[in-house]
Amino acid sequence: MEEKKKKKRREDSGYIFNRKYEPLIYLLPFAIGLLIFTIYPIINVVIMSFKNGYRLSGSYNGIGIENYTYVLTNKYFLSAIKNTFIYVFTVVPIATILSILIANLLNQKIKGISFFHTAYFLPMVTSAIAVGISWRYMFNKKFGVINWLLGLIGIGPIDFLGATAGVAPYNMLTVIIFGIWNMMPFTIILLLSGLQNIDPMYYTAAKVDGASSSTIFRRITVPLLAPTIFLTVVVNMISAFKVYNDVIPFWAGKAGALGTNLYTMVYWIKETFYSKLRLGQAAAASIVLFIIILFFTMIQKYIQKKTDY
Amino acid sequence: MQVKIDHLTKKFDDVVAVSDFTMQFDDGKLVALLGPSGCGKSTMLNMLSGILPVSEGKIYFDEDDVTNMPPQDRGVGLVFQNYALYPHMTVLENIAFPLEIKKVDKKEREEKAKEMAKLVHVDQLLDRKPKELSGGQQQRVAIARALIKKPRLLLLDEPLSNLDARLRLEMREEIRRIQLETGVTTIFVTHDQEEAMSISDKIVLMKDGYLQQEDGPQELYDDPANLFVANFLGNPPINNLTGYIKDGYFVLEDDSGRIKVNNENAKENQQVVLGIRAESALIGTKEDHDLEAIFDQQYTMGKEELAFLKIGNQQIRIYLSSDYKFQKGDIVYLKFRSKGVYLFDKESGVRI
Numbered sequence: 001m002e003e004k005k006k007k008k009r010r011e012d013s014g015y016i017f018n019r020k021y022e023p024l025i026y027l028l029p030f031a032i033g034l035l036i037f038t039i040y041p042i043i044n045v046v047i048m049s050f051k052n053g054y055r056l057s058g059s060y061n062g063i064g065i066e067n068y069t070y071v072l073t074n075k076y077f078l079s080a081i082k083n084t085f086i087y088v089f090t091v092v093p094i095a096t097i098l099s100i101l102i103a104n105l106l107n108q109k110i111k112g113i114s115f116f117h118t119a120y121f122l123p124m125v126t127s128a129i130a131v132g133i134s135w136r137y138m139f140n141k142k143f144g145v146i147n148w149l150l151g152l153i154g155i156g157p158i159d160f161l162g163a164t165a166g167v168a169p170y171n172m173l174t175v176i177i178f179g180i181w182n183m184m185p186f187t188i189i190l191l192l193s194g195l196q197n198i199d200p201m202y203y204t205a206a207k208v209d210g211a212s213s214s215t216i217f218r219r220i221t222v223p224l225l226a227p228t229i230f231l232t233v234v235v236n237m238i239s240a241f242k243v244y245n246d247v248i249p250f251w252a253g254k255a256g257a258l259g260t261n262l263y264t265m266v267y268w269i270k271e272t273f274y275s276k277l278r279l280g281q282a283a284a285a286s287i288v289l290f291i292i293i294l295f296f297t298m299i300q301k302y303i304q305k306k307t308d309y
Numbered sequence: 001m002q003v004k005i006d007h008l009t010k011k012f013d014d015v016v017a018v019s020d021f022t023m024q025f026d027d028g029k030l031v032a033l034l035g036p037s038g039c040g041k042s043t044m045l046n047m048l049s050g051i052l053p054v055s056e057g058k059i060y061f062d063e064d065d066v067t068n069m070p071p072q073d074r075g076v077g078l079v080f081q082n083y084a085l086y087p088h089m090t091v092l093e094n095i096a097f098p099l100e101i102k103k104v105d106k107k108e109r110e111e112k113a114k115e116m117a118k119l120v121h122v123d124q125l126l127d128r129k130p131k132e133l134s135g136g137q138q139q140r141v142a143i144a145r146a147l148i149k150k151p152r153l154l155l156l157d158e159p160l161s162n163l164d165a166r167l168r169l170e171m172r173e174e175i176r177r178i179q180l181e182t183g184v185t186t187i188f189v190t191h192d193q194e195e196a197m198s199i200s201d202k203i204v205l206m207k208d209g210y211l212q213q214e215d216g217p218q219e220l221y222d223d224p225a226n227l228f229v230a231n232f233l234g235n236p237p238i239n240n241l242t243g244y245i246k247d248g249y250f251v252l253e254d255d256s257g258r259i260k261v262n263n264e265n266a267k268e269n270q271q272v273v274l275g276i277r278a279e280s281a282l283i284g285t286k287e288d289h290d291l292e293a294i295f296d297q298q299y300t301m302g303k304e305e306l307a308f309l310k311i312g313n314q315q316i317r318i319y320l321s322s323d324y325k326f327q328k329g330d331i332v333y334l335k336f337r338s339k340g341v342y343l344f345d346k347e348s349g350v351r352i
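From first to last, the protein sequence lines are chains A and B. Using the numbering used here, the first residue of the first sequence is number 1, and each one after it goes up by one. Using the numbering used here, the first residue of the second sequence is number 1, and each one after it goes up by one.
Don't read these hints as lab results, they were simulated from the structure. C-beta atoms are modelled at their ideal positions from N, C-alpha and C, and glycine is treated no differently. Heads up, a few of these hints could be off.
[Claimed, not checked] Stretches of chain A that chain B covers, calculated by requiring three or more beta carbons in the stretch to come under 8 Å of a beta carbon on chain B:
#1 26–38
#2 223–236
[As the list claims (entries may be wrong)] List time: in silico DSBU-like cross-link candidates among lysine-lysine, alpha-carbon distance up to 35 Å:
#3 A:109 with B:129
#4 A:109 with B:107
#5 A:207 with B:303
#6 B:335 with B:303
#7 B:207 with B:114
#8 B:102 with A:109
#9 B:131 with B:58
#10 B:131 with A:306
#11 B:207 with A:109
#12 A:301 with B:129
#13 A:306 with A:142
#14 A:276 with A:254
#15 B:267 with A:305
[Stated by the list, open to error] Using C-beta positions, here's what the derived DEER-type ranges look like:
#16 B:37 with A:300: 45 to 51 Å
#17 B:2 with A:235: 54 to 60 Å
#18 B:23 with A:114: 42 to 48 Å
#19 B:63 with A:301: 54 to 60 Å
#20 B:64 with A:298: 56 to 62 Å
#21 B:11 with A:301: 38 to 44 Å
With the sequences and hints as input, model every part of the structure.
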């Protein structure tokens, strides 16, 4: 009898062990990957940003906040922050608004709509760099199709890609236009699926009451689409803060016509890291970027919570 | 407002949903469009509201021909089956929205919305969002929203089907109360005969796009035009005994019994169905009875018992007072009242 009880207790404890630790074993493969490839690099960047050192040799000398004071007083990094902000706060709103309008049009029952679906989604499956190179020709001051079109309505020619007398006023515009074009397909896909989730009953109800299509769009479509709009704004803003790809094709890998006028944060970090091998400073700049993105994401989450219904 | 429908037909490609309907809805009445699913009752409602275009025929609101008029000009209030309350607006905004569309000044429309909310008893919930309301409350808000622009005609699509049994009872009385209080001509769609019977002034019974019968609930129950109407109305459903006519008698199909029928229209050897309401079959005596039946089983329904009996190879359900105690296999002598017993042609279902 006593023996049986003991045996049972042993079985019980085995059962509890399984219940407690078995799930952990299943999670382990993924957790290890996450630790090595995500958590460790993040921690390493944080540590690196407080160390002074130039090489990957591991022979750092000194620990402190010198890297931060350096990047936050560096003329080029400050202009990179400025450029990034200009980019984010023009590209994201304009791309979002245009995407809402286009998604709404694509949501109509029109003949040949699938052609437009494909046409608008095409940029998503093309390489930004490859397409960017053809954009480079389109932006050309003398031969570009954009200036030709602008010429037809009496504007220009605009020197999108060049610089005169040490200033390049239109370089930023070029990147912004390209950025909007790049951002829209993904945004349209998300918004379109959001639109298709809206019960058509609401439109019928409003129509029976005599609502015009602009009233329906403003008072019903947009509010019901708001959760999806917020999602796209958050995702797009995060990716826009990390802008790098959009600068590369136009000036053969340089940051603007003057070589330094279009630094973005990621561009500066990349250059500091790879070209100058100033790992500590690059790490500190990365942390600054991370904090900025985190800040804006938190704000958006707060707003999103308030508009939830 | 009086609604007149003149030879109304709706076709979806080859399918005829509503076929050659001619009828009239009287001013200030509550009318039920009743029928099994797929009978065309919702199609009919959508044509009245203007959501669906008409294939043939005309619709008149009083003297106005509204057949090709867009929904917003018809002055109809529509309550959807799942209410279609705008989830991002509060109750007040939802009710006021039709006036907002009409660009009524904000103060005025909120005042009117509050009035409407009071009428349907949701004036305590004005700041809530639809998802914070129960099904019954959502229904009330939907009705208030439909009524706020003072429609000439109120249309309700399956207004009670999304509610649980208790709320259904409560809401159907509420709909009746609101309709009587406002006096608005109301048409509602339902597949539930009990719902239609209990609150409407008139029932329009449809099947496969055709009008079966239109009349007051009691008239429809007491005087069905055909077998479908008799079968559709009433719970428990009417009993059907099949047989034929011989020498002025209705004879069961297996010749196990016969009843004298006083019906001049019944032809000799005509195949017929005898419809008997459960409450029209009484217990008789051996000396005075119409049919003999064998007791099978019984169910308690609260105030009375529902007994299942066998007549030849057919079955019949009757109400049984609890005074009677029968055992399975006992012989029961049935005596039929004249009311609630009908003869139908077996083939066409038409009342004889």
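Going straight from one Cα to the other, do residue 207 of chain B and residue 109 of chain A come out at no more than 35 Å? holds, 33 Å
Against the 35 Å threshold, does the CA-CA distance of residue 306 of chain A and residue 142 of chain A hold or violate the hint? violated, 51 Å
Does 56 to 62 Å hold as the CB distance between residue 64 of chain B and residue 298 of chain A, or does it fail? holds, 58 Å
May I ask you to test the hint 42 to 48 Å on the CB atoms belonging to residue 23 of chain B and residue 114 of chain A? holds, 44 Å
Checking one constraint from the list: CA of residue 131 of chain B to CA of residue 58 of chain B, max 35 Å. Satisfied? violated, 40 Å
Assess, step by step, whether the Cα of residue 267 of chain B is no farther than 35 Å from the Cα of residue 305 of chain A, and give holds or violated. violated, 76 Å
Has the given pair, residue 109 of chain A with residue 107 of chain B, been kept, meaning a C-alpha gap of at most 35 Å? Violated: residue 109 of chain A and residue 107 of chain B sit about 38 Å apart, past 35 Å.
Given the hinted pair residue 276 of chain A and residue 254 of chain A, is their Cα-Cα distance within 35 Å? Answer holds: residue 276 of chain A to residue 254 of chain A is near 15 Å, not above 35 Å.
Does the structure keep residue 207 of chain B and residue 114 of chain B at a Cα separation of 35 Å or less? This hinted pair is violated, its Cα atoms lying about 41 Å apart.
Does the structure keep residue 207 of chain A and residue 303 of chain B at a Cα separation of 35 Å or less? Violated, at about 50 Å.
Chain B over the stretch 26–38 of chain A, status - at least 3 residues with CB closer than 8 Å: violated (count 0)
Given the hint that residue 109 of chain A pairs with residue 129 of chain B, does the C-alpha gap stay at or below 35 Å? Cα-Cα ~31 Å, so holds.
Of the hints listed earlier, those the structure fails to meet are numbers 1, 4, 5, 7, 9, 13, 15 and 21, in rising order.
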